[in-house]
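Visitor: Residues per chain are reported as follows:
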Amino acid sequence: MARSASAYALAANDLLTGALVFWSQEAGWCSDFTAALFASDPATLEPLGSAEEAANRIVGAALIPVNAAHQPIELRDQRRLQGVTLALRTTASESQQDFAKAA
Amino acid sequence: MYAYDTFDQTFVDQRAAEFRDQINRRLSGALSEDEFKPLRLQNGLYLQLHAYMLRVAIPYGVLNARQLQMLGDLADRYDKGYGHFTTRQNIQYNWTKLSDVADMIDALASVQMHAIQTSGNCIRNVTTDAYAGVAGDEWLDPRPTAELLRQWSSLHPEFAFLPRKFKIAVLGAAQDRAAMKFHDIGLWAKLDDAGQPIYDIWVGGGQGRTPRVARLFQKAVPLADLLPTLDAMLRVYNLAGRRDNKYKARIKILIDEMGLEPYRAAVAEELGQIDRSVFAPALGEYRRIAAQFETAQRPALQGQKLPQGSPAFQAWLQQNGMAHKVPGYAAIAISLKAKGAIPGDASGAQMRAVAALAERYSASELRVSHRQNLVLPWVKLNDLEELYHALLEQDLAEANIGLASDIIACPGLDYCALATARSIPVAQALSHRLRERERLQGPLDLSLNISGCINACGHHHAANIGILGLNRTETETYQISLGGRADEDAKVGDILGPGFSQDQVPEVIETLIDTWQALRADGEDFATTYARVGKQPFKEAVYV
Numbered sequence: 002m003a004r005s006a007s008a009y010a011l012a013a014n015d016l017l018t019g020a021l022v023f024w025s026q027e028a029g030w031c032s033d034f035t036a037a038l039f040a041s042d043p044a045t046l047e048p049l050g051s052a053e054e055a056a057n058r059i060v061g062a063a064l065i066p067v068n069a070a071h072q073p074i075e076l077r078d079q080r081r082l083q084g085v086t087l088a089l090r091t092t093a094s095e096s097q098q099d100f101a102k103a104a
Numbered sequence: 003m004y005a006y007d008t009f010d011q012t013f014v015d016q017r018a019a020e021f022r023d024q025i026n027r028r029l030s031g032a033l034s035e036d037e038f039k040p041l042r043l044q045n046g047l048y049l050q051l052h053a054y055m056l057r058v059a060i061p062y063g064v065l066n067a068r069q070l071q072m073l074g075d076l077a078d079r080y081d082k083g084y085g086h087f088t089t090r091q092n093i094q095y096n097w098t099k100l101s102d103v104a105d106m107i108d109a110l111a112s113v114q115m116h117a118i119q120t121s122g123n124c125i126r127n128v129t130t131d132a133y134a135g136v137a138g139d140e141w142l143d144p145r146p147t148a149e150l151l152r153q154w155s156s157l158h159p160e161f162a163f164l165p166r167k168f169k170i171a172v173l174g175a176a177q178d179r180a181a182m183k184f185h186d187i188g189l190w191a192k193l194d195d196a197g198q199p200i201y202d203i204w205v206g207g208g209q210g211r212t213p214r215v216a217r218l219f220q221k222a223v224p225l226a227d228l229l230p231t232l233d234a235m236l237r238v239y240n241l242a243g244r245r246d247n248k249y250k251a252r253i254k255i256l257i258d259e260m261g262l263e264p265y266r267a268a269v270a271e272e273l274g275q276i277d278r279s280v281f282a283p284a285l286g287e288y289r290r291i292a293a294q295f296e297t298a299q300r301p302a303l304q305g306q307k308l309p310q311g312s313p314a315f316q317a318w319l320q321q322n323g324m325a326h327k328v329p330g331y332a333a334i335a336i337s338l339k340a341k342g343a344i345p346g347d348a349s350g351a352q353m354r355a356v357a358a359l360a361e362r363y364s365a366s367e368l369r370v371s372h373r374q375n376l377v378l379p380w381v382k383l384n385d386l387e388e389l390y391h392a393l394l395e396q397d398l399a400e401a402n403i404g405l406a407s408d409i410i411a412c413p414g415l416d417y418c419a420l421a422t423a424r425s426i427p428v429a430q431a432l433s434h435r436l437r438e439r440e441r442l443q444g445p446l447d448l449s450l451n452i453s454g455c456i457n458a459c460g461h462h463h464a465a466n467i468g469i470l471g472l473n474r475t476e477t478e479t480y481q482i483s484l485g486g487r488a489d490e491d492a493k494v495g496d497i498l499g500p501g502f503s504q505d506q507v508p509e510v511i512e513t514l515i516d517t518w519q520a521l522r523a524d525g526e527d528f529a530t531t532y533a534r535v536g537k538q539p540f541k542e543a544v545y546v
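In the order they appear, the protein sequences are chains A and B. The opening position of the first sequence corresponds to residue 2 in this note's numbering, with each subsequent residue numbered one higher. The opening position of the second sequence corresponds to residue 3 in this note's numbering, with each subsequent residue numbered one higher.
Don't take each hint at face value.
What the hints assert, rightly or not - Label pairs and their calculated CB-CB ranges: (1) Gln72(A) x Asp105(B): 31 to 41 Å; (2) Gly84(A) x Thr475(B): 16 to 26 Å; (3) Gly499(B) x Asp42(A): 40 to 50 Å; (4) Gln79(A) x Leu29(B): 24 to 34 Å; (5) Glu37(B) x Ala63(A): 19 to 29 Å.
To be verified - Below, a sample of chain A positions facing chain B; criterion: calculated Cβ distance under 10 Å: (6) Val60; (7) Glu75; (8) Arg77.
What the hints assert, rightly or not - Chain B stretches covered by chain A per the calculated footprint, using a threshold of three residues with CB under 8 Å from any CB of chain A: (9) 121-130; (10) 482-489.
These are calculated hints, taken from the structure and not from any lab test. All C-beta atoms, glycine included, are put in the ideal place defined by N, C-alpha and C.
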């Protein structure tokens with residue numbers, strides 16, 4: 002457990018799609034982290050993760066330690082919530098045009 | 003190319019049906035995740051940060067046009083429209099649904115492909131030179147040997163649960179374009195005086211947290227002794243390799259701890275107990291396989307000549323073209339490293355477009371390189387200019403093969419559950435800077451590789467400039483190493499010093515390149531300059 006955690010959320014991958022999901026305040030799985038249930042005691046969430054894995058709804062249940070603002074403390078969780086990098090992409094033709102201008 | 007016979011096709015079809023049943027049992031709850039995990043890993047299915055990832059084997063990096071078209075179709079139908087070509091000549095789909103995997107495997111089987119042994123502690127996809135069979139400096143086409151090893155290692159009953167994964171590369175040319183000495187076993191094929199295949203066997207290479215350059219195990223092993231020798235080498239590893247600590251379980255650690263000479267002695271003793279008669283059919287099988295590859299070779303062409311073309315065409319040809327062993331042809335690399343692109347990623351549309359170009363211009367043949375690019379191995383000289391314009395139309399004519407902007411990068415913390423830092427945004431930022439620099443200054447003759455963790459899938463140890471992403475107190479930190487190389491003079495890079503933040507990395511890399519350019523003699527590449535001057539001047543330039 003992260004020492005500076007104010008609370009924890011429960012994350013997992015959906016069994017069918019593998020998508021990142023969180024245990025919600027509605028007592029189900031959701032994809033929106035802001036709708037996640039935050040519990041100060043990890044023991045509240047751990048049995049839920051085990052039970053949901055056993056019920057074959059999710060895989061890889063894990064706790065996400067968060068700070069007082071409910072932001073993930075650990076780098077891995079921060080990046081996981083941020084999603085994949087797709088920005089900055091240009092195409093070869095744009096690059097070729099750059100080279101053509103230089104020629 | 004090698005084409006499946008009835009045995010191969012039945013084997014793959016049966017395996018596809020078996021995995022479909024396993025997936026169904028997982029979805030129905032009959033199998034728990036603990037029970038299912040080893041089964042899915044044996045079929046290349048991982049669970050990553052955002053989704054399941056399916057790693058598809060491209061045996062020794064060889065594809066035909068129909069297969070690449072299928073890979074493109076799978077990207078569009080079952081993924082988010084792209085796939086990622088890896089440093090082990092495979093392709094990964096990052097957004098796979100468990101419920102789709104069986105259909106994907108069936109589709110692969112319909113074009114003689116599969117995902118078997120792309121994960122797990124077994125013998126993985128055998129890799130080789132992306133220019134195998136066409137390189138001007140080649141002594142022996144390594145593909146028949148690689149195919150023989152594929153057949154030998156597929157579901158080998160003794161080697162399905164080794165202490166750790168096991169990677170083999172085969173090379174048959176003067177120049178190492180397969181990072182052969184960074185494999186658990188590397189085979190350097192040559193011809194003896196009678197024109198028969200012989201193999202120098204190298205052992206104990208690898209990257210990861212304990213990088214090692216392979217050591218010479220035995221020279222000039224005849225083809226008839228190859229499989230018995232490999233069997234004995236694997237048996238000793240299987241028995242003596244450490245299973246108590248996965249970080250010490252690779253054969254390189256066994257060789258370190260046991261010593262090369264005692265390992266040789268143990269293999270010799272094991273070899274003495276092997277019934278060699280069981281390997282007798284391998285010679286005939288090698289000849290059968292080799293005949294298929296020989297039939298696919300093209301005869302020399304008369305009347306072909308290199309076109310003049312525009313300066314841009316000439317620059318592309320010089321950078322991405324390679325001299326061919328058969329007169330009248332060139333081998334052309336297609337860069338998947340456009341300015342700002344994600345290294346190794348190709349869209350479904352791009353894959354289909356390249357497949358169509360292979361059909362039209364390259365005898366329907368393609369290769370995947372360990373540097374995460376594609377190769378058209380059989381382009382007639384008279385077709386080169388037309389091909390260039392067709393690639394331009396598809397945004398696939400980036401002329402940067404082998405340059406600094408031809409960056410190798412693993413998926414890193416964007417996708418990978420093992421990663422400790424992101425690789426992709428670092429690669430993209432550097433690609434912008436370096437491609438611009440290449441535009442202004444001309445080719446930058448150095449290799450730059452990025453890994454998002456110590457497992458080194460991005461081959462950072464083996465790069466002239468290597469970048470390793472680490473998690474230091476919940477912050478991405480990038481450690482630089484210099485002087486590594488993956489060729490026949492393979493070397494592990496030297497760590498430069500303390501790491502840098504993501505924002506600092508582009509500036510640091512540019513300073514290192516400035517330093518090299520200031521120190522280099524005429525025409526010297528980065529590796530040569532570094533070997534001459536050492537780390538100190540680079541260190542002084544960066545840590546001021």
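Visitor: If a hint holds in the structure, say so; if it doesn't, say that too.
Guide: How the hints compare with the structure:
Our hint of 31 to 41 Å for Gln72(A) and Asp105(B) holds, since their Cβ atoms are close to 39 Å apart. For the pair Gly84(A) and Thr475(B), the beta carbons lie near 23 Å from each other, so the given range of 16 to 26 Å is met. Look at Gly499(B) against Asp42(A): about 43 Å separates their beta carbons, and that is inside 40 to 50 Å. Our hint of 24 to 34 Å for Gln79(A) and Leu29(B) holds, since their Cβ atoms are close to 32 Å apart.
Roughly 20 Å separates the CB atoms of Glu37(B) and Ala63(A), a value that falls within the hinted 19 to 29 Å. Restraint check, Val60(A) versus chain B: the minimum CB separation of about 5 Å is within 10 Å; hint holds. A hinted interface residue such as Glu75(A) counts as satisfied when its beta carbon comes closer than 10 Å to some beta carbon of chain B; here the least separation is about 6 Å, so the hint holds. Restraint check, Arg77(A) versus chain B: the minimum CB separation of about 7 Å is within 10 Å; hint holds.
Counting residues of the stretch 121-130 of chain B whose C-beta lies closer than 8 Å to any C-beta of chain A gives 0; at least three are required, and the coverage claim is violated. Only when three residues or more bring their CB closer than 8 Å to a CB of chain A does the claim for the stretch 482-489 of chain B stand; here the count is 0, and the claim is violated.
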